[in-house]
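Participant: Chains as they are written, first to last, in the numbering used here: chain A, 1 to 383; chain B, 1 to 214.
Careful, some of the hints might be misleading.
[Said to hold, decoys possible] Derived DMTMM-like pairs: lysine to aspartate or glutamate, alpha-carbon spacing no greater than 20 Å straight-line:
#1 A:Lys-250 x B:Glu-114
#2 A:Lys-52 x B:Asp-165
#3 A:Lys-223 x B:Glu-114
#4 B:Lys-69 x A:Glu-67
#5 A:Lys-64 x B:Glu-105
#6 A:Lys-247 x B:Asp-177
#7 A:Lys-305 x A:Glu-23
#8 A:Lys-223 x B:Asp-56
#9 A:Lys-50 x B:Asp-165
#10 B:Lys-76 x B:Glu-89
#11 A:Lys-223 x A:Glu-209
#12 B:Lys-69 x A:Glu-23
#13 A:Lys-223 x B:Asp-49
#14 A:Lys-250 x B:Glu-117
#15 A:Lys-247 x B:Glu-114
#16 A:Lys-247 x B:Asp-173
#17 A:Lys-64 x B:Asp-186
#18 A:Lys-64 x B:Asp-177
#19 A:Lys-64 x B:Asp-183
#20 A:Lys-50 x A:Glu-23
#21 A:Lys-52 x B:Asp-173
No lab work stands behind these hints, which were simulated from the structure alone.
These are the residues of each chain, in order.
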Amino acid sequence: MSAYPSPTSLLEPTAVAQEQLLEISMGPQHPSTHGVFRMNVILDGERVVKLKPVFGYLHRNHEKIAENETYLGSMPYTDRLDYLCSITNNWAYAIAVEKLAGIQVPERAEYLRVITGELTRLQNHASLLGFLLQDMGSSGTPLMYAFREREKILDLFEALTGARMMCNYMRFGGCRVDMPAGWLDQARQVVADFPKFLDEYEKLLVGNEILMERTQGVGVLSKELAINAGMSGPMARASGVSYDIRKVDKYSIYERFAFRVPLGSHGDVYDRYMMRFLEMRESLKILNEAMRDIPGGPIVDPKTKVRNFRPKPGEAYGRIESPKGELGFYLISDGGSNPYRYRVRPPSLINLTVLEDLCLGQNVADVVAILGSVDIVLGEVDR
Amino acid sequence: MNLNTIKSELETHVPGCRLEVIANPSPSAQHSLLVDSEHGYAVAAYLRDAAALRFDFCSNVTGVDWPPKETSTKIKVKNLVDGPNGTEEQEVDEVQKTTTPGYLEVVYHLFSQELREGPLPLRMRTADREASVHLPSLTPIWRSAEFQEREIFDLYGVIFDGHPDLRRILMWDGFLDHPMRRDYVDPDDYEYEPTAHNEVLKRANQHLAETGGR
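Generate the whole structure from the sequences, applying the supplied hints.
Facilitator: See below:
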C-alpha cells in the first residue's frame with residue numbers, strides 16, 4: 001500500500017481538519033477595513049465562527065481635547081470625526097449647543113443647513129456605494145463613477161466654505177458664510193444632473209447577477225436586534241425599522257419638505273445597499289424644494305455671543321440624522337467657557353455592535369461586504 | 001411624557017427603588033432620573049418592557065466624572081478672648097471647609113421608537129471614585145450599551161457587573177489609568193522633545209532615574 005493518500009481521500013474532511021480552526025487578523029492595514037480597523041476572525045474552513053473587532057488605532061481622545069477647549073473651538077475639530085461628512089458633524093454639534101444655550105436660528109441659515117446637509121448625504125452615500133463595490137471586487141469603475149459625482153459636490157463645498165472636506169461651516173445660531181454669487185445656480189445644476197448618475201449606476205449594478213449573489217441573504221439583521229442594539233440610519237431602516245430622526249424629532253425645518261423614508265424588508269447587505277440609492281433620491285427632492293424656497297435675511301443669530309460664550313449650567317443632548325445614522329452630542333455646562341462634559345454619540349461605532357452577529361456562519365469573503373455595508377469611518381469610531 | 005408620572009409608576013412596580021428627578025435648568029429642559037445602583041437593572045427592565053413606557057432604544061451611554069469638591073464657607077464664630085476687662089467674647093470670621101465626596105456617573109439616553117418619546121436620561125452613580133466603582137451593566141437589556149459601557153470602563157474606570165465582555169476598547173490592554181477622569185495627568189512625553197532642555201531635561205533625567213534607563 002502506498003504511503004501517500006489517494007487524491008480522492010484528500011477531498012473528504014478528516015476529523016482533524018474539522019477541528020482545525022484558523023485565526024486570522026484582518027486589518028488594521030487591510031484596504032477593505034476603511035481605515036485602521038482590525039477584526040480577529042476565527043475561521044472553520046472559510047466559515048466565520050467568531051469575530052472580535054479591535055478598536056483604538058485612531059484614538060486621540062477627542063472628547064478630552066474638546067473639554068479643554070472653548071465651545072466654538074471644538075467646531076473645526078468635529079470635522080475630523082466623520083471626515084466624509086464634516087457639515088453634518090458641525091450641524092449636530094451646533095444643535096446640541098443651541099439646545100443648551102437656547103439659541104434661535106434664522107430662517108435662511110436653516111435652509112443653508114438643510115441644503116449643505118443633504119448635499120453631504122448625497123456625496124457620502126455615493127462614495128459609500130463606490131467603496132462597497134470596490135470591496136466586493138468590482139475594481140475601479142464604480143468607485144470612479146461615484147467619485148466623479150462626489151467631486152462636483154466637493155467643488156460646491158469649496159466655493160461655499162473654502163474647504164472641500166474640512167468645511168467648518170456651522171456656527172451657533174447659524175452658518176459661517178453666505179452663498180457666493182452664482183453658487184445656487186451651480187448647485188441647482190449639480191442636483192439636476194444627479195438623477196442621471198443614479199439611473200446610470202442603477203442600470204449598471206442593481207440588476208447585476210454577481211452583485212445579487214454576493215449580497216442577497218448575506219449578513220441578515222433582524223428588526224428586533226436592530227432596535228435593541230441601537231442601530232440607526234440606513235442600517236436600521238434596511239431591517240424595516242421606521243425611524244428617521246428628520247421625521248421623529250422634526251429638527252430644523254424638515255417638516256416643511258415632502259420626502260419619504262425608504263424601508264427595507266430583508267435586512268441583508270443588498271437592502272442596505274439599495275437603501276442608499278433610495279435615500280439619495282429622497283434627498284434630491286428635499287434639495288429641490290429647499291433651493292426653490294430659500295428666503296433672504298441674516299445667516300446667523302445676531303444675539304449670540306461669539307467671544308466669551310458661556311452657557312448657563314445645565315445639560316443637553318442634541319442629535320441629527322447624519323448620513324451614517326444618529327449622530328448625537330451630549331454636553332454638560334458648569335457655566336464656564338469650556339464644556340464640563342462633551343460626548344459624541346458615534347453612529348459608526350454603535351452600528352458595529354452587531355458586526356459579529358452578522359458575520360457568524362458567513363464566508364470570510366462576505367465579512368468584507370458586510371463591513372462595507374455598515375458604512376463606518378474610523379475617525380468617528382475611535383474618536 | 002411627564003417624568004414625575006414615570007417616577008411614580010416605577011415606584012409602584014419596582015418595589016424598594018429609590019428614584020430622584022434631577023432638574024435641568026438649561027433651556028433644553030431635559031430632566032433626568034437618578035436611580036440607585038441596586039435597583040438600576042430592575043428599573044431599566046421595567047422602562048423597556050412596560051406597555052405605557054416602552055423605552056426600547058438606548059441611544060447614548062456616557063460617563064461623567066465628578067471629583068470631590070471642596071467648598072469653603074465663611075462663618076462667624078464667637079471666641080473667648082483675654083481682654084483688658086477680663087475674658088470677653090469676640091466675633092471672628094472663620095473659614096469652614098467641607099468636602100463633598102466625588103463619584104462617577106453613568107448616563108443612559110433612552111428613547112422610545114414605538115411611542116416616539118424621549119430622550120429620558122437615566123443616571124446611576126457609584127459610591128466613590130476609587131474603591132467601589134461597581135454599577136450593574138444594562139447590556140443584557142439594551143445591546144447598544146455593549147461597546148459604550150466598555151468605553152466607560154476604559155476611559156472612566158466604572159466596573160459594570162454582568163457585562164458579557166468587559167475589556168478595554170480604545171486604550172490598549174496594558175494601560176493602567178483612565179484618561180477621561182478629570183484628575184488624569186498626561187504621561188511624561190520627554191522622549192518626543194528633540195532637544196531636551198531646562199524643565200524638560202530635568203523631567204527626562206528624573207524619568208530615567210526612576211525607570212532605570214528603560
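Participant: Tell me if the straight-line CA distance from A:Lys-64 to B:Glu-105 falls inside 20 Å.
Facilitator: Within the cut-off at roughly 16 Å; holds.
Participant: With the threshold set at 20 Å, check whether the alpha-carbon distance from B:Lys-69 to A:Glu-23 stays at or below it.
Facilitator: Roughly 49 Å separates the two Cα atoms, so the pair is violated.
Participant: Measure nothing beyond the straight line between the CA atoms of A:Lys-247 and B:Asp-177; if it is 20 Å or shorter, mark the hint as holding.
Facilitator: With a Cα-Cα distance of about 42 Å, the restraint between A:Lys-247 and B:Asp-177 is violated, given a limit of 20 Å.
Participant: Can the restraint linking A:Lys-64 and B:Asp-186 be considered satisfied, given a maximum Cα separation of 20 Å?
Facilitator: holds, 11 Å
Participant: Is A:Lys-247 within 20 Å of B:Asp-173, Cα to Cα?
Facilitator: Not OK: A:Lys-247 and B:Asp-173 at ~42 Å, beyond 20 Å, violated.
Participant: Does B:Glu-114 lie within 20 Å of A:Lys-223 when you go C-alpha to C-alpha?
Facilitator: Roughly 13 Å separates the two Cα atoms, so the pair holds.
Participant: Does B:Asp-183 lie within 20 Å of A:Lys-64 when you go C-alpha to C-alpha?
Facilitator: Satisfied, since the Cα-Cα distance of roughly 12 Å is no more than 20 Å.
Participant: Quickly compare the C-alpha distance for A:Lys-305 and A:Glu-23 to 20 Å and report which way the hint goes.
Facilitator: violated, 56 Å
Participant: Within 20 Å, alpha carbon to alpha carbon, are A:Lys-247 and B:Glu-114?
Facilitator: holds, 14 Å
Participant: A:Lys-223 and B:Asp-56: Cα distance at most 20 Å?
Facilitator: holds, 12 Å
Participant: Checking one constraint from the list: CA of A:Lys-50 to CA of A:Glu-23, max 20 Å. Satisfied?
Facilitator: holds, 9 Å
Participant: With the threshold set at 20 Å, check whether the alpha-carbon distance from A:Lys-52 to B:Asp-165 stays at or below it.
Facilitator: holds, 11 Å
Hint check: violations occur at hints 6, 7, 11, 12, 16; the rest are consistent with the structure.
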